[in-house]
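Peer 1: Below, each chain spelled out in residue letters.
2 protein chains.
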Amino acid sequence: MSDPIQTLAIVGAGMIGASWAALASALGVAVRAYDPNAEAEARFLSQVERARAQLAELGLTGTGNVSFFSSLAEALEGAGFVQENGPENEAVKRKLLAKIDALLPLDAIIASSTSALVRSSIVGDCARPGRIIVAHPFNPPHLVPLVEIVGADPDVVTRAADFYRALGRRPVVLNREMPGHIANRLASALYREAVHLVEQGVASVADIDAALCNGPGLRWALMGPHMTYHLGGGEGGIAGYLAHLGPSQVRRWESLGNPSLDAEVQAKIVAGVAEEAAGRSIAELEARRDEGLLALLKTRTLVSD
Amino acid sequence: MSDPIQTLAIVGAGMIGASWAALASALGVAVRAYDPNAEAEARFLSQVERARAQLAELGLTGTGNVSFFSSLAEALEGAGFVQENGPENEAVKRKLLAKIDALLPLDAIIASSTSALVRSSIVGDCARPGRIIVAHPFNPPHLVPLVEIVGADPDVVTRAADFYRALGRRPVVLNREMPGHIANRLASALYREAVHLVEQGVASVADIDAALCNGPGLRWALMGPHMTYHLGGGEGGIAGYLAHLGPSQVRRWESLGNPSLDAEVQAKIVAGVAEEAAGRSIAELEARRDEGLLALLKTRTLVSD
Chain U
1 MSDPIQTLAI VGAGMIGASW AALASALGVA VRAYDPNAEA EARFLSQVER ARAQLAELGL
61 TGTGNVSFFS SLAEALEGAG FVQENGPENE AVKRKLLAKI DALLPLDAII ASSTSALVRS
121 SIVGDCARPG RIIVAHPFNP PHLVPLVEIV GADPDVVTRA ADFYRALGRR PVVLNREMPG
181 HIANRLASAL YREAVHLVEQ GVASVADIDA ALCNGPGLRW ALMGPHMTYH LGGGEGGIAG
241 YLAHLGPSQV RRWESLGNPS LDAEVQAKIV AGVAEEAAGR SIAELEARRD EGLLALLKTR
301 TLVSD
Chain Y
1 MSDPIQTLAI VGAGMIGASW AALASALGVA VRAYDPNAEA EARFLSQVER ARAQLAELGL
61 TGTGNVSFFS SLAEALEGAG FVQENGPENE AVKRKLLAKI DALLPLDAII ASSTSALVRS
121 SIVGDCARPG RIIVAHPFNP PHLVPLVEIV GADPDVVTRA ADFYRALGRR PVVLNREMPG
181 HIANRLASAL YREAVHLVEQ GVASVADIDA ALCNGPGLRW ALMGPHMTYH LGGGEGGIAG
241 YLAHLGPSQV RRWESLGNPS LDAEVQAKIV AGVAEEAAGR SIAELEARRD EGLLALLKTR
301 TLVSD
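Residue numbers (my numbering), protein chains in the order written: chain U, 1 to 305; chain Y, 1 to 305.
Derived by calculation from the structure, the hints in this document are not laboratory data. Be aware that a few hints might be false.
Now the stretches of chain Y that chain U is said to cover, found in silico as 3 or more residues with beta-carbon under 8 Å [what the hints assert, rightly or not]:
#1 31-44
#2 63-71
#3 173-179
#4 213-222
#5 255-263
Partial selection, computed: residues in chain Y whose CB lies under 7 Å from chain U [to be verified]:
#6 L103
#7 L106
#8 F138
#9 P145
#10 R170
#11 I182
#12 V205
#13 H226
#14 H230
#15 L231
#16 L242
#17 H244
#18 R252
#19 E275
#20 E276
The beta carbon of each residue, even a glycine, is placed where N, CA and C say it ideally should be.
Construct all of the structure, not just a fragment, from the sequences and the given hints.
Peer 2: What follows is the structure, encoded as structure tokens:
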């Protein structure tokens with residue numbers, strides 16, 4: 001067991017960076033944030049404050065110091081862990097990670113929040129790629145516990161997972177890299193069928209959304225799909241489910257749609273979401289989502305814990 | 001607006017039937033249950049009691065009378081609404097629905113809980129098919145709010161949706177029938193990719209499950225996929241999301257897996273679920289799921305409400 005990490009550097013101080021910063025600070029970790037745009041500071045600090053107020057409702061009231069720098073080297077001083085949240089552009093990230101790698105002593109871990117890129121495509125310019133991992137959070141990272149980790153050095157992965165656990169996250173370690181990691185692939189698979197149902201006019205956008213969050217989505221806040229079918233299999237559990245209903249699951253897979261996202265379908269979705277939003281702004285809906293997440297996190301007990 | 005329904009007949013008194021019965025009773029509706037197996041009565045009544053205790057925690061303490069009959073005609077006496085929960089067998093259901101249809105006055109609505117069959121395949125032997133709908137709940141129906149409705153007569157569909165709303169459910173009306181309705185199609189699409197990730201050894205079954213319920217599943221307890229991307233699209237909302245990230249969503253769809261559920265994959269899933277269950281019985285896991293659902297339902301505020 002290595003020493004706990006005292007200082008986290010945040011590289012890229014947008015929404016995701018501010019969310020990471022608030023979480024670390026509320027757990028007593030000092031945060032040094034960097035953004036090339038010095039004007040990002042005010043917005044960053046106010047986003048950190050808003051997120052910290054939410055974390056206080058969950059009882060997380062640590063006071064790790066949060067500071068902002070427009071020099072990368074300054075932000076990295078003394079950091080044992082770096083969370084990079086730069087633009088989702090392969091060339092930009094390769095260069096940025098190589099720069100961070102060159103500036104830091106070897107025992108520091110460098111984690112990229114990337115959702116769209118795979119680890120092997122962004123570590124190629126680093127002199128010491130073994131200490132570089134992907135650690136992909138879910139929005140907003142200070143509330144949603146999942147962190148998906150992809151690394152090459154098992155010791156680095158273990159230390160990183162320990163750090164995220166200390167931040168109250170639930171790290172999931174991938175055995176090998178996969179575009180979209182795990183959760184966004186599951187979400188994308190579901191979304192393809194949601195778009196298919198819109199395209200086919202089976203129900204309104206609002207009703208398709210309601211079908212998820214009043215049905216399987218509610219259960220999936222407590223357990224994953226395999227456990228869900230384990231409990232749906234009666235006394236035989238998952239083995240009984242697969243033996244009796246596996247063939248109908250495969251037939252269902254064959255019947256799923258393969259929609260396009262052409263202009264017509266996009267227009268249907270945009271109009272449907274506008275109807276569902278019923279005049280509420282994105283900021284209002286986000287505030288409601290965060291309130292809802294806070295309420296769930298206060299009471300939630302996972303089936304497998 | 002027609003008169004509120006006073007008496008619900010439950011045809012098929014297994015788990016789903018007991019769950020419907022408990023819900024209706026707790027909302028003050030009298031229940032007359034039928035099962036061809038007279039020995040089903042004791043188990044049915046004890047399941048109703050257990051579900052009613054859970055509903056009492058949600059403040060639903062009505063006392064609609066619950067009685068059991070092993071004669072279908074007796075159970076249907078005076079029923080304004082029938083919820084059929086027989087075996088998922090097309091021939092059996094066709095016959096059963098025709099029998100119920102022949103026994104009841106025309107103003108009563110007959111709803112089938114079927115998940116696997118489509119409405120047109122089961123109403124063919126009924127003299128008055130217009131009053132027959134599919135009303136598919138999610139397990140367990142007394143806790144999970146979704147009811148997916150497929151009907152032919154708009155007036156019948158409206159009256160049925162009103163009835164389910166009075167039972168605290170969230171009816172979603174399909175514009176046309178679709179195998180698997182909406183929610184199970186979404187679940188099936190997601191499960192295909194979950195099986196693919198197991199097949200490819202990307203992570204353990206337990207970690208794939210954890211990735212869902214600590215990530216997108218948590219958000220999907222509050223909102224559906226379209227609203228989720230609306231909030232993930234930044235200031236441009238869903239229109240911005242589709243314009244900027246639509247093409248990468250389509251590329252992701254093209255990269256999704258098409259696994260088989262052969263013996264080897266089934267064995268991997270069964271072993272992985274056993275590891276995740278860590279010795280806990282299905283009854284223990286179900287109790288934990290129900291506790292978790294109750295806690296969520298007490299605090300949950302949907303983003304779109």
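Peer 1: If a hint holds in the structure, say so; if it does not, say that too.
Peer 2: Cross-check of the supplied hints:
1. 31-44: Our answer is that it is violated, as 0 residues pass the Cβ test (under 8 Å) against chain U, missing three.
2. 63-71: violated (count 0)
3. 173-179: holds (count 6)
4. 213-222: holds (count 10)
5. 255-263: holds (count 5)
6. L103: 30 Å, violated
7. L106: 28 Å, violated
8. F138: 4 Å, holds
9. P145: P145/Y check passes; min Cβ-Cβ to chain U is 4 Å, inside 7 Å.
10. R170: With Cβ-Cβ at 4 Å, under 7 Å, it holds.
11. I182: 4 Å, holds
12. V205: 5 Å, holds
13. H226: Because about 5 Å separates H226/Y from the closest Cβ in chain U, which is inside the 7 Å limit, the hint holds.
14. H230: 5 Å, holds
15. L231: This hint holds: L231/Y lies near chain U, its Cβ roughly 6 Å from the closest one there, short of 7 Å.
16. L242: OK, holds: L242/Y within 7 Å of chain U, min 5 Å.
17. H244: Check failed: Cβ of H244/Y comes no nearer than 10 Å to chain U, outside 7 Å.
18. R252: 4 Å, holds
19. E275: It is violated, given that the least Cβ distance between E275/Y and chain U is near 10 Å, above 7 Å.
20. E276: 5 Å, holds
In summary, the numbered hints that this structure violates are 1, 2, 6, 7, 17 and 19.
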